[in-house]
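> Once you have looked at the hints, place chain B on chain A.
2 protein chains.
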Amino acid sequence: MPGPARLDVRIKQVKIGLINIGNELLNGQTLNSHHQWIARESTLHGWVIDHQQTIMDTAEAILTSLESTLNQYQLVITTGGLGPTSDDITRDVVARFFNMELEPDPVVETSIREYFSRRQRPMPESVLIQAQVPVGAEVFINRNGTAPGLALRHPKINSWLVMLPGPPRELHPMFRDQVVPFLQKVMPSGSGYVCRVLRTVGVGESRVQEQIEGKLADLISHGLEIGYCARTGEVDVRLATRDSAGSAIVDQAVARVHEIIGPAVFAEGEVSLERAVVEMLIRNGATVSTAESCTGGFLANRLTNVPGASDVFLGGAVTYSNKEKIRQLGVSSEDLETHGAVSETVARQMAEGVRRATGSDYGLSTTGIAGPSGGTDEKPVGLVFMAVAGPDGTEVFHRINTFDRETFKFVTTQQVLDCLRLMVVNAVSG
Amino acid sequence: MPGPARLDVRIKQVKIGLINIGNELLNGQTLNSHHQWIARESTLHGWVIDHQQTIMDTAEAILTSLESTLNQYQLVITTGGLGPTSDDITRDVVARFFNMELEPDPVVETSIREYFSRRQRPMPESVLIQAQVPVGAEVFINRNGTAPGLALRHPKINSWLVMLPGPPRELHPMFRDQVVPFLQKVMPSGSGYVCRVLRTVGVGESRVQEQIEGKLADLISHGLEIGYCARTGEVDVRLATRDSAGSAIVDQAVARVHEIIGPAVFAEGEVSLERAVVEMLIRNGATVSTAESCTGGFLANRLTNVPGASDVFLGGAVTYSNKEKIRQLGVSSEDLETHGAVSETVARQMAEGVRRATGSDYGLSTTGIAGPSGGTDEKPVGLVFMAVAGPDGTEVFHRINTFDRETFKFVTTQQVLDCLRLMVVNAVSG
Chain A
1 MPGPARLDVR IKQVKIGLIN IGNELLNGQT LNSHHQWIAR ESTLHGWVID
51 HQQTIMDTAE AILTSLESTL NQYQLVITTG GLGPTSDDIT RDVVARFFNM
101 ELEPDPVVET SIREYFSRRQ RPMPESVLIQ AQVPVGAEVF INRNGTAPGL
151 ALRHPKINSW LVMLPGPPRE LHPMFRDQVV PFLQKVMPSG SGYVCRVLRT
201 VGVGESRVQE QIEGKLADLI SHGLEIGYCA RTGEVDVRLA TRDSAGSAIV
251 DQAVARVHEI IGPAVFAEGE VSLERAVVEM LIRNGATVST AESCTGGFLA
301 NRLTNVPGAS DVFLGGAVTY SNKEKIRQLG VSSEDLETHG AVSETVARQM
351 AEGVRRATGS DYGLSTTGIA GPSGGTDEKP VGLVFMAVAG PDGTEVFHRI
401 NTFDRETFKF VTTQQVLDCL RLMVVNAVSG
Chain B
1 MPGPARLDVR IKQVKIGLIN IGNELLNGQT LNSHHQWIAR ESTLHGWVID
51 HQQTIMDTAE AILTSLESTL NQYQLVITTG GLGPTSDDIT RDVVARFFNM
101 ELEPDPVVET SIREYFSRRQ RPMPESVLIQ AQVPVGAEVF INRNGTAPGL
151 ALRHPKINSW LVMLPGPPRE LHPMFRDQVV PFLQKVMPSG SGYVCRVLRT
201 VGVGESRVQE QIEGKLADLI SHGLEIGYCA RTGEVDVRLA TRDSAGSAIV
251 DQAVARVHEI IGPAVFAEGE VSLERAVVEM LIRNGATVST AESCTGGFLA
301 NRLTNVPGAS DVFLGGAVTY SNKEKIRQLG VSSEDLETHG AVSETVARQM
351 AEGVRRATGS DYGLSTTGIA GPSGGTDEKP VGLVFMAVAG PDGTEVFHRI
401 NTFDRETFKF VTTQQVLDCL RLMVVNAVSG
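Chains as they are written, first to last, in the working numbering: chain A, 1 to 430; chain B, 1 to 430.
Take the hints with a grain of salt, since some may be wrong.
Dumping the calculated DMTMM-like pairs for lysine to aspartate or glutamate here, alpha-carbon to alpha-carbon at most 25 Å [claimed, not checked]: (1) A:Lys185 / A:Glu125; (2) B:Lys15 / A:Asp311; (3) A:Lys379 / A:Glu395; (4) B:Lys15 / A:Asp87; (5) B:Lys379 / B:Glu352; (6) B:Lys323 / B:Glu337; (7) B:Lys323 / A:Glu210; (8) B:Lys323 / A:Asp361; (9) B:Lys15 / A:Glu138; (10) A:Lys15 / B:Glu67; (11) B:Lys185 / B:Glu138; (12) B:Lys379 / A:Glu24.
Keep in mind the hints are simulated off the structure, nothing from the lab.
These figures come from a predicted structure and were not determined experimentally.
Chain A on its own, in the form it takes in the complex (with noise of 0.2 Å):
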């Protein structure tokens, strides 16, 4: 056996080639969503997806991604083409790769029939066709729909190959409950992949690297992998190790990552920074109101698209004009006159005003000027003054963000989010 197998038994790790078939996901119709789902799921019992292709559904890309693709992985995967219709060729073209007779199987045709008397509809026998399995397979019956699912073990190569269907809602429930228990029966599997990933806010992704990266080289030599993913305003530090006794490892370097950039990582896992903002605050019983300009209510946005925001969230203020500054905030017109509305003073009385006048722990306020146009040499486009008033007194602030105007917003709500998370931490700690 080649060295990479004899390696991936080692250290216990499936590696999975994906292939989604399907016109609709090739031409941008339908956004392939089962990729990062797979993906998301199959890193929970070790496993990785090692590549993934979409391809049309014409016999000859199904047979040349699967002729590469079952020479190179343990696993492959494929989603699409099981259906009743012209452009379902995918049962069809494994058959004849396979040199497999196609069978129809009563319990698959007893399921489908059952499928349409349950929602009382008639049954097109077009339909009977997905009751045709190639002899031999493993059958996985759909639950929520008729394609059923199937796995393969290819006679010469040692691959296993599982045909899933493509709509989400029948895929999800198949491969949970019934491929995985299956897979983890018939491959030499197990969780030798250990993987933590901390998110940082407000440091980039180079400074972040040169930060960690040289306090963690005795790690690295013990097989300790990092990797980084810069998103907009966030970076996630992503802390690996491929052997499963080496996953203490990896607790050693969250350990020391959060000893050197400890206030700069706002979560652990798949938690977006306003989602760990409101559970911060649920768990100080503390409130937040919001007075936005520039963000134009996406501060108070992102806060209520977490679950559970009504708990913490009193209400917001999105004030445009300098006469609505006035009037819901209870703005200075003379500082408006003087100052500008972009500017320190007005920021912190948007902040304490807002606070103020729902009764909240903490207010937050953003005022700039978010372009394209509207600066001046002075106020360039893309400075903002943000302000946090909080029970110990209010935080005034400064950036130049100079993004297109969607990013702008999501850039200034990371900071002043970041400036209350803070802000709270300290509170606490203090």
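Using the frame of chain A, we list chain B on its own:
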């Protein structure tokens, strides 16, 4: 020259092999949005993605995919791996593959330095590695980040390789403003496609198709191509021809679609509903304000995403609590008690209240149950009341939008924006 390539030239169609590079895409940490975005943009120019793959950011994976893809496609596009960190190796690997030297490009270096100075941030020296470009490559300066895009023609195979940075806000404008015009110039088959896209709202995909297709049959027989693309709450109708001399057919088709489903068409091309609404208000010298409960600021956010919104949007209130509905909008506390916050009466009072308070011509409101919890038998999750108050009265309506929280906000704001749009259309024509 073999048959298929000849055919491609005749029908002026470019087939693309797309390679998305990045472990964070492959392992599902980040959703691959590049594929759909590039596919949709390409459609406008008559180009199609024929194969897409996501690969690890290793030299081996990049080389393997380049070899097979460049041999098959006239145009290969890669995304990702152009940044400054150790896992950004696309540039190096491609230079090796093409046998080209990397040299610092002074224009790129200047653009990187300016990027940091504009933001008044210190520049880590390590980022200058992004100024290293293969000698002879076409360079696309990155106006929204630091890594430039690159285009190379393979010296032996007659194929172009275009490398794009990973972050969408960098990739999108670079592709539209620089890459498309460049490719239309250098690829003989890259131009000549005529395509117009009409955007509709409020009508389902099959209904749009049913209404227009029969009445376009004569144009279809003369080479008109029709495509549909269902987005959330919207359907795009794509009218195209591959014969540049046939652009009159497309114009005729557009005129006919306007005749058949006129009021449903809100724009042509890449125009969002909020942009169409804001531009319509600007044209009519009318102003608007918003009072949001369940959409939590997303309605104000959508309106203020449009440059120039400050001319028409006066202000908004995000009133999550009953107390704020009373305080900010003057909703009657008796009616809140009698009918509940999610009711026709309260929706009406919110819209009229915000219109009165801000002095705007139109006032919009939303009040509903976004979920996932909070529903009852009488008022289920997804129930939402909306109102538009205008100079000629107030329109109130309700829908049941059973979606996840963010889709709920999107669909609900679609419905209330469309109601405003039709009210303004009728006010002008009436």
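> Confirm or reject each hint.
Verification of the hints:
no., hint, result
1, A:Lys185 / A:Glu125, "36 Å, violated"
2, B:Lys15 / A:Asp311, "52 Å, violated"
3, A:Lys379 / A:Glu395, "21 Å, holds"
4, B:Lys15 / A:Asp87, "21 Å, holds"
5, B:Lys379 / B:Glu352, "23 Å, holds"
6, B:Lys323 / B:Glu337, "12 Å, holds"
7, B:Lys323 / A:Glu210, "49 Å, violated"
8, B:Lys323 / A:Asp361, "16 Å, holds"
9, B:Lys15 / A:Glu138, "37 Å, violated"
10, A:Lys15 / B:Glu67, "22 Å, holds"
11, B:Lys185 / B:Glu138, "13 Å, holds"
12, B:Lys379 / A:Glu24, "37 Å, violated"
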